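Required output: the full structure, derived from the provided sequences and hints.
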Amino acid sequence: MADQGSQISTGTKIAFTIGSLILATVYFTALDYALMEMQGLDFFYLLRK
Amino acid sequence: MATLNKQAQKKIWAFLALGTFVGLLLLPLFLSLPAGASGGAPAPAASTAPPVAQPADAKPVEKSRDIWYKTEGPVVGAPAPKTTDGPKDYPRYNFESRVLLWVANQQHLYYGSFVLAVPIFCMVIEYLGIITKDKALARKYDQLAYDFIKISLTAYSLTAILGGILVFTYLTLYPTFFGYLASIFRPVMHTYALLFVAESGTLYIYYYGWDRMREGFLKWVHVSMSVVLNMIGTVLMMLANSWIAFMQSPAGVDDQGRYLGNIWHVIHTTLWNPINVHRIIGNMAFGGGVVAAYAAYRFLTAKTDEERAHYDWMGYVAMFIGVCFLIPLPFAGYWLMREVYAYRQQMGITLMGGLLAWLFIIQAVMIGSLFLTTNYYLWQGLERMRGAERYQKYIKYMVFVLITCFIVWLTPHTMVMTPGELKAMGGQQHPVLGNYGVMSAKNGAINTIITTTVLSFIMYQRGNKVPTVKWAPMGNAFLFGMFTVAYINIIGLAIYGYYIPANVRVGLSVPQVATTLSCLFIGVLLNSIMLKGAKELGPTAWGQVSVRSQYALIMLATAFTWMMGLMGYIRSSVRLFWHVNEIMRDNSPWAFTHTIGFAANMISFNVLFFWITILFVFWLGSLGIKKAPVAASVGQKVPVPAGSH
Amino acid sequence: MFNAKRMGFITAAIIAGAIAAVLAILPDSGATQLMRNALAIGWPGGLVIVTLMLYFQFGRAKDPNRGQLVFRSIIGLLGYAMFFIAIANYATNFNDESFGAPGEPRFLPVSLVMITVSCFTMAMYFKGLRVLLQLGGFMFFVSSCLAGFGNWLPQVKADPPPAEAEGGQNVKEMSVQDRADMGEKIIFGAVGASNTQGAIGKGQCPLCHGFQKGFLSERAPNLFGVPKRALEQMKDVKYSQKDASKRDTAQKEACPGCGTASTAVEYIAESHACPNCYVVAGFGVKGTNDKESPMPVIHKSPIGLSIDEMIAVDTWLFAREGEEPPSPEDIENAYKKFIPEADRPKPAGAPGAGPAGPVPGAPVVTGDEPVNEIFTKALCFACHNIPGIPGAVGAVGPKLVERTNAPGRIKDPAYKGKATSVREYIMESIITPSAYVVKPYPDNIMPKDFGKKLNAAALNKIIDYLAQLEEGKEPPKIK
Chain A
1 MADQGSQIST GTKIAFTIGS LILATVYFTA LDYALMEMQG LDFFYLLRK
Chain B
50 MATLNKQAQK KIWAFLALGT FVGLLLLPLF LSLPAGASGG APAPAASTAP
100 PVAQPADAKP VEKSRDIWYK TEGPVVGAPA PKTTDGPKDY PRYNFESRVL
150 LWVANQQHLY YGSFVLAVPI FCMVIEYLGI ITKDKALARK YDQLAYDFIK
200 ISLTAYSLTA ILGGILVFTY LTLYPTFFGY LASIFRPVMH TYALLFVAES
250 GTLYIYYYGW DRMREGFLKW VHVSMSVVLN MIGTVLMMLA NSWIAFMQSP
300 AGVDDQGRYL GNIWHVIHTT LWNPINVHRI IGNMAFGGGV VAAYAAYRFL
350 TAKTDEERAH YDWMGYVAMF IGVCFLIPLP FAGYWLMREV YAYRQQMGIT
400 LMGGLLAWLF IIQAVMIGSL FLTTNYYLWQ GLERMRGAER YQKYIKYMVF
450 VLITCFIVWL TPHTMVMTPG ELKAMGGQQH PVLGNYGVMS AKNGAINTII
500 TTTVLSFIMY QRGNKVPTVK WAPMGNAFLF GMFTVAYINI IGLAIYGYYI
550 PANVRVGLSV PQVATTLSCL FIGVLLNSIM LKGAKELGPT AWGQVSVRSQ
600 YALIMLATAF TWMMGLMGYI RSSVRLFWHV NEIMRDNSPW AFTHTIGFAA
650 NMISFNVLFF WITILFVFWL GSLGIKKAPV AASVGQKVPV PAGSH
Chain C
695 MFNAKRMGFI TAAIIAGAIA AVLAILPDSG ATQLMRNALA IGWPGGLVIV
745 TLMLYFQFGR AKDPNRGQLV FRSIIGLLGY AMFFIAIANY ATNFNDESFG
795 APGEPRFLPV SLVMITVSCF TMAMYFKGLR VLLQLGGFMF FVSSCLAGFG
845 NWLPQVKADP PPAEAEGGQN VKEMSVQDRA DMGEKIIFGA VGASNTQGAI
895 GKGQCPLCHG FQKGFLSERA PNLFGVPKRA LEQMKDVKYS QKDASKRDTA
945 QKEACPGCGT ASTAVEYIAE SHACPNCYVV AGFGVKGTND KESPMPVIHK
995 SPIGLSIDEM IAVDTWLFAR EGEEPPSPED IENAYKKFIP EADRPKPAGA
1045 PGAGPAGPVP GAPVVTGDEP VNEIFTKALC FACHNIPGIP GAVGAVGPKL
1095 VERTNAPGRI KDPAYKGKAT SVREYIMESI ITPSAYVVKP YPDNIMPKDF
1145 GKKLNAAALN KIIDYLAQLE EGKEPPKIK
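Residue numbers (this note's numbering), protein chains in the order written: chain A, 1 to 49; chain B, 50 to 694; chain C, 695 to 1173.
Check before you lean on any hint, since a few could be wrong.
Listed next, the stretches of chain C that the computed footprint assigns to chain B, with coverage defined by at least 3 CB atoms under 8 Å from CB atoms of chain B [what the hints assert, rightly or not]:
id	stretch
1	802-816
2	821-835
3	962-973
Distance condition first, Cα-Cα at most 25 Å in a straight line; then the derived PhoX-like pairs of lysine-lysine [as the list claims (entries may be wrong)]:
id	chain 1	residue 1	chain 2	residue 2
4	A	13	B	581
5	B	119	C	821
6	B	352	C	821
7	B	584	A	13
8	C	1142	C	946
9	C	985	C	932
10	C	1030	C	936
11	C	932	C	946
None of these hints come from the bench; they were simulated from the model.
What you are looking at is a predicted structure, and each value in this text was computed from that prediction instead of being measured.
All C-beta atoms in this analysis are idealised placements derived from N, C-alpha and C, irrespective of residue type, glycine included.
Here you go:
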């Protein structure tokens, strides 16, 4: 297919994907942590035990 | 210059007209304010006046304490009557009065919700029509809004008729109880009636003025009229809600049910606002369902391709609105439930863990199937688009995920069993399946279902488009990353829940929901931006969609209606044997709580009664239409409302 | 071979035969009855269709569509018959819960399925109404599935508690069996219902308590074997049978000087009259460390059982385990021990005996005591530091120097309450603790039922006192 994506090398694509995964992981972890904290609960309960 | 002056003059006149109009509309409200005050005020005044005039036989004003607000107030009303089973308090036909009232109430409510919801759609769609620059598109929106209001107009008169029937049913079958309610809510009921007049007036002007007010500033006046219309409608609904909220969680009266002179306390009971919010959102979802069913009906009876295209589009828009409001509905329900628990824990337990808990199982089944149906409709919708074949291959995996989650979602926590069965299973919970019956698994399942629905929707948005923006590969990678991690997060949190104590576990549902909502908002938004100026592989051929997809719409509509009946029944029957909770007891022979089966039969009856009548209304509407509404040629640039969200 | 005439005769014969069969020939059975009912309700419309059919057959001899019209009438008649059998089924089985109406509501979804079939069949032959019939049929189908599901689930019907003032038999003069039956009815709503999970009566006990071995009982102890177990519970150190004042629970005694139980029946009576006196480990209100019980006081609103009713309940608790129940007088004396005269529910029917007691929710504080006692009785001291109140050094909640705190909190952007003055703020914090939660303390720790527990006088005293407290200043003297 002649979409723009094909002009970008596979390596860059992989880099983007990995970057996104890291970004999303950070975002969701922060979200989990913040929302648990807001309820006065400890998200990393199991780790600390 | 002269023309400019004329323009300016026109504007001034338009403003003046609007101002007068709004003023006239508010007039009944102002009139009712003193009425409201005189409804509550003179009685205490009367009871305080004698001591001043004749100090000789001065009687101290009896004071009593509000059962909810704990404030003291002068006793104004009579105590709640103690009824006895007999023709005086409970006159009857040779039939269960409560069932008659149930039908009357539910039918009025269905029509009422419908006519309250549709003007809200109208307002939004008409507004969209005004701000859209594309002329053809704008006309299409305008026509759609007009179509909506046209359907609701017939339903409006039916609502009024059903309201009358409801009041007569109350008066004839429950005179003592209704007398007590009326004695407390007297000013509210009059305000309600006056507002109803205002609502009718606005609606008729809004509808019949559509053509006259189609251009320029008058159009803006017309749109603002819809705002006024909706404001009145919402206040109407809130006033009606105050009665049922009072019955469930009374306030403003003392423990004998004597009115203490503060009308605001009586209206503003603890459950009032949660019910208001829940109902507004619920009405919107329901209204979307009914309009979608209408569109499906018109689609299936359509004779030409133009008609089919138009109604296919209309069904899609209505479904979209309905589902948009379906998603926040559980949160409003959660708030309502929390307030119920805070009000009376026993009431909460009766709902969620006691007598009525099985009804929530039915509700869970329905929510699950609603989402499945939505997904099914979206997948069917891919058929409209050339180029969407790319996505067909993912559907089977999504089906698998959805079905798995659906089954987990349905696994009951505990079953009612005979002691023998209990022994055979070795406890209340099944050794393996029991693990899926707990909240942790269910929260994971429902969030996965919703996230998958979002994914279906994103897929649908892209159907025939290929993003051309420079950063498209990055966007795609990000979407992929976000959804992958979101799934991992939701399921991971669900598993995590098994390993931590209950008090920490309950908190996990919040980040789970937040994850789902993140996917919904970020995902859809990012996708929409990415698709700006996208290359189209082929046109969206509205109208070229399977008949099955239209049945999915009908299924959605029926299920919405059924769920509304079910939840209404739950809310109402949780009062158990009280007319007004803990204040006025139901001493009729029908104070018992029906079995689930009986309730399910009644709900089915009500749903079918509503749909038979409203299909009739649709059919009547189709008699009057000779031509297809707007000849929007197939393949022309078609509006996709989702893109603008 | 089959000319129109012959077909007409055959059809007429079939219809006549069917009607005759339903009316006279078929043996009496449920199905026959159903068809007879259907005929009784639907015959006028059927007659119209038959007339139409005859008209098409004989009145339109020249119409080329005659055959089709007649054929459609026959199909219509069939669909109509099915429709009315479904309605008859609905009518007969509508309600088995009201007086004298036999029937089985579980059969009702069958009606919906029949109508579905009827609709889809008709849709095949009546083109003009096809879509309407199909849509309607589909809706009937969806509804029948949902209704069927609802009927498949276990069915529990909940009777209301008997109205007060029944004026029935004197509980003491009943036979043991009758008394136990009355008890079972109060707990489960019906005699013999104790084996059904979900059955619930006026006492509302099964809402939280399990009563059979193995039954779910998460919120409160399972009461299976309680007459025996009571004897062991009383030996528990926490129960502190010798000296009630050494208990660490929210309320140490049911009434001043009431003491503790010495027999099983007294133990049960004490549990009913004073759930807070002793909380079985693990069943306390969350966060109170089993110091406070979630159970309401049974002789007060909202449950409000009379002593006679509690006698019946206790009798059942003993009798159902094959034990000899104590005499009603013994049980009555046990309750009289733990419920002071003034608090006793008036006998049913007596003037003033309403469903609700004087103040719902059992106040622990009368409002007449000095403010330090109110703080102690209401347990504020356990969590809060209150200057000037001996023993009030709790750290679970914030220090209550409200004259200093309140003005700042009202101005806090995060403040969502409605208070505008210090006094209003204190009132709000007591009645709706979640209106503003002081950081870093968590929400939902402070009980939300103080509004119910404390009356206006007590609240006023508390507010008066707290509103005077300032950080770094001497607390006011207690009057």
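**Q.** Hint check against the structure, violated hint numbers in rising order
**A.** 3, 5
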